[in-house]
Amino acid sequence: MFEDLTDMQKSIITLNGKNILKACPGSGKTFVVAHKVINDYNNWKEKNKGMAVLSFTNVAKEELLAKICEISGLKTLPYPHFVGTLDSFVIQNIFMPFGQILMRCSVRPSIMDNDFLEYYSKKFWREECYRNGCKPYDFQIDFNRKVYDNNRNFGKCPITQGKPCESFKLKAFSKGYVTYNEALMIATSILECYPKILKLVANRFPYFVVDEAQDTSKEQMRLLNILFENGVKDAMLIGDPDQAIYEWRDADPSVFLDMYSNTDWNSYELNENFRCSQNICNATKIFSSLSKPSQAIGATKECKLKPMIIKYKKDEKEKIIQFFLDICSENGINKSSDNIAILTRGHKGLVGKDYSKIKDLWQTPITKILALATYYKGKENIEKTILLVEKILYYIIFDDKSNAVDNKEIQRRYSVKEWNYLIFRFSTLLPEASVPLKEWKQQIVDMMKKFVVDNGIECKNEIEVKTKVRVQNVDLKDFMNQPLEIFFADSYKKEYLNATIHAVKGCTFDAVMLIISSSGKLTSNMINQKEINSEEIRTFYVAATRARKLFVLALPESVKDKTLVRFPKEHWDYV
Amino acid sequence: MYIEKVCIKNFRKIGANGILFNCNKGVNIILGENNTGKSAIIDALRLALSAGDYRKSLYVKPSDFHINEYGEQAKIINIDVYFNELTSEQATAFYMLTNGKNLSKAELHIEYSLYIDKKGIQRVREDIKGGHALNNVPREIYDNINLLYLAALRDAANDLRPSKNSRLANILFSVAKTDDDKERIINIFQKANEDATKDNSIQSVESIINKNLLNIEKDELQEKVKVSLVSPSFDSIASLMRIDYINNKLLKIPEKEMEDLIGELGITKVSFRGKNICKRIGKTKDLTVNLEQMFQYEEYRDLYYRLIHLAKNINSDIAQNGLGYNNILHMATSLGDLQEKPIDEEISVLLVEEPEAHLHPQLLDLLFEFFRKANNDSRIQLFITSHSPTLVAKADIDSIHIMNFHNDEGSLVSIKNTALNDIDKLNLKRYLDVTKSQMFFARRIIFVEGISEAILLSEFAKLLGKPFDKYSVEIVNISGVAFEPFAKLFKDEKNKDRLKIPCAIISDNDKCTNNDDPYCIKKDERIYSKIDVDLLANKLKNGAISYRAEKLLTYNGDEIHVELAEKTLEYELAKITENVPLLLEVLKNEHPEITSDIEKRVSPKNRNKEKNEFYETEEKIALRIWVAIHDCKGSFAQRLANEISEIESKKRTDVSFIVPEYIRRAIDTIIV
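Note that the protein sequences, when read in sequence, are chains E and W. Numbering follows my numbering, in which position 560 of the first sequence is assigned residue number 560; successive positions increment by one, without gaps. Numbering follows my numbering, in which position 470 of the second sequence is assigned residue number 470; successive positions increment by one, without gaps.
Chain E with its partners taken away, still in its complex shape (with noise of 0.2 Å):
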């Protein structure tokens, strides 16, 4: 089974003990620790204890997962393992568990999702709060019931006695709702006062496994090194502090860099680079956290294109778009969406118009979430089409007011097979995520109306689908015409692929080319001056190892050559 792998490869495989993998792009990251995991999943001898393999994002469990299933032929990893993300990991064997008991509430807790926070929170509110810009999220509140603002609001607040925001969070906290963030920090406070418990859940998952662990943020690294300290004796922790590009979601590669210069851990570098050319690898080097550039060892190893600079006069994109691809078919690459790519470091930058920017385009929440389930099965994700059609209904049929589905509340009145037969016949009758909006919309009324008919269905509350009508925006006016999908999308799918450098994350393509523009949160000077180790520079990098054959990188005229200082030209060829 082990045949395909490189040297490198298989001595990860066999590894023991606590070991931190630093991956170069395209090193075979999920193959890898797909490998691994089948390996020490065939060895294992314990009956109800168990390993836990972790994500980041529920795409990359899924990605992690499909690997394994497809190396291994197992249709899952089944109990005593535990395969998702660290988020699911964290609720669903600590917090829920035993943060009942700890926090003293009446109720099982609950996880609150935006939505939610959202209206419950305006039961509170008051028009101070509003005035002095303060939001829900901004607040949290701890295992001892005291709430914490985190930006400093407090200090504006006019309100002295009873602060609506302190009330909302006690009431809810009381009443289980919880954010993320606090289950998160629920469980650690668990996993530190109760040494007992801690003791448990390192015995129940004696071996972790965590990929993309560059995304970790510092608080959920928090909670495994407890774990790591007490008990756990094997952990693999396999990320790219490189590409880590989620900052804006709490994730902090120095963490990782951190783990992977401590002396208890054992730590690789995976450098064996299976996607670009050995001229990318050689040019993307100085950006890069590595000892040494990646060694190219793909199929493409030898491709002799250098990496190109090339400047472009405003409005003239549609010009280097024109070059990029001739250059493209000159080196006989096709033009696909699946072989070349053209990356914005945001929606703005791309060919299309940025109708996602539209503030407030969803005038009832219940809307956004049909427009996003029309989405996501235009997509073809089902997971998320069925949970949010699952939302929808329980909305439709039973309460807005409580937080989660509940599911008790549901099996009153349907059994599941019947309740699933009605998520499934709505999600069919979703319409088209091409459509256009203003026909979506009239869609999507009648299509529940006469579901609710077909299917005898008493409404508990009204449906009420609203959008804007009219925008300031002259460039946008025309967003009623637009198909539903535009409104969610980032990229587009032409004779390439038109997308931002988030979207592409994990992707490969034969020739990227990237677009900076001459302001924004991607420019040339800070391409050229940030730290090696910032947010900035870690997006440049993903964005050049995209390419199996080509990058280009196309900057505005106005910068100057001179100010190009980590583009030698002995890498890059200026054009």
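Hints should not be assumed to be uniformly reliable.
Claimed, not checked - Here are the simulated lysine to any residue pairs, SDA-like style, with alpha carbons at most 25 Å apart:
1) E:Lys-47 to W:Asp-117
2) E:Lys-306 to E:Asn-266
3) E:Lys-47 to W:Leu-148
4) E:Lys-450 to W:Asp-117
5) W:Lys-269 to W:Leu-251
6) W:Lys-118 to E:Cys-459
Quick caveat, the hints were computed from the structure, so don't treat them as lab data.
Assemble the complex: chain E is given as a structure, and chain W must be docked to it using the hints.
This is chain W only, laid out in the frame that chain E set:
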């Protein structure tokens, strides 16, 4: 880890108020008359402990939902099982069941709800949650629960037959744990298989089939078959395991063969001498070997097994054995299966319904000892239901739980939770024999101190129109006055369990028996020939009731009704003037002279008032009768009972009999 308590609600006979069952770590014996819900408890445990299994032997049906006295059916059944003393390994195994704070405790909550589906059919939904936080429970944790259930009506012979899931196969699986073990066993069979298939006859079977196959298929299909004995997989080998009784005690063997055998094993003929093992049969060349005798000697063990093999074909198949023995064998095998399970992370529970089925009392004794020992050795928690007073008499008092059905509400009383202290329990244990332990199966109980009461009470009851058999009253003769340990079972004390059964104690107040009582009646004052009626009358008038009777009276209350006879039962009987003719008639059989002496002193009904001085008062007559019966209470009671029976059935109308007031009160309280 063990089951600490079980709460059951709305399950069959058990109503909305539910039953709380505080279990013992070791043996639990659940007693009760029929239809009180004993099996419901066992079935609730079976349901809860196998809820997550893929193959269940028991399902909840709509008819299992409790129907109350108004005929309303409950919609939800709850079974909550609480575990205690989890080791850290067990806490890991039962992770999602741990109670959240105290990790040595775990909770399992099963809820069945009844609903009607769209087609109008009643269906049952099962919901399994773990721990205080009601976590979802992964089905795999059920692999850590070893539940073994022996039903009341067992088909022991069938369960022990070779099959894939036979108990024997299961034991083999638990014993041969490692791959090496399995490999070794498989090898033996493989070798045997190879040898067998080399045999000409078997090979010809194979060739015959293959030849015919070829004829049919021609060249179309090129299939070939191979004939062998067993498929060499561990599963199929395990399924071949069989069990036989070695029931021959003697073996006939040619002398020559025996000599060869012992020579091979290095045993000398001389060593048999004086051990009664080997004997020549008459003048033949055969020996008879006493196998049983041989088994006593360690040094002949090898020889013994060799000989047993020779005798193999006369072992008897289990089907030839009686039901009782097969049942024992079944239980021994089943326990063996459980005992081999690892105890560090798993929990083993054995449920036995009515182990007494098909067993005679002595065998039951042995069986119970066996259960107890098995439990001590391997920490298997046992739940036994029983109707058998023999079993109860044998069991530890603390292991007994009594299913009580009172006012349509079932409850389970654990003797360990009653007001009895350790000494009381010891005493109770000493008094409990087969007849007394019957009280645990009764609906009403009357405790009496002696044989006379025991004999007479049921006749009295008939006379009062309240026959005991009709009202399921058990008379418990404790042959003495040690009522206390019994009384405490019924006494209402705070935070203590008690038996909620109508109960009365009938005893004597034993006036004038305290040694420090100046009016104490001496032994020789109770001899009829020396009787001084005036003295006795005076003493009885002034004497005190006995200390122990006084103490007994303190138990008198709503739960226990204590009734004391003035002095004794016989005195009370004789105090009733109407009873005197019958009593004297009966007494005549025992003491003809004394009887005629007393008869002379009884004033005739239409007596002449002037002749007053010769006739004695009713009180004195009663005293005389009491003294006269003193040495023949048992036979007197027996005869009297016969006569009362005649009166009750109207065969005799010439005499009358009136039941003493205190007894009437006692009977009236327990049979309202």
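Outcome of the hint check:
For the hint pairing Lys-47 of chain E with Asp-117 of chain W, the CA-to-CA distance comes to about 39 Å; that exceeds 25 Å, so the pair is violated. Taking the CA atoms of Lys-306 of chain E and Asn-266 of chain E, the gap is about 35 Å. The hint is violated against a cut of 25 Å. For the given pair, Lys-47 of chain E sits about 21 Å from Leu-148 of chain W by alpha-carbon distance, which is consistent with the 25 Å threshold. For the hint pairing Lys-450 of chain E with Asp-117 of chain W, the CA-to-CA distance comes to about 23 Å; that is within 25 Å, so the pair holds.
As the CA atoms of Lys-269 of chain W and Leu-251 of chain W are separated by approximately 17 Å, the hinted pair is consistent with the 25 Å bound. A distance of roughly 19 Å separates the Cα atoms of Lys-118 of chain W and Cys-459 of chain E; the hinted pair therefore holds under the 25 Å criterion.
Violated hints, in rising order: 1 and 2; the structure is consistent with all others.
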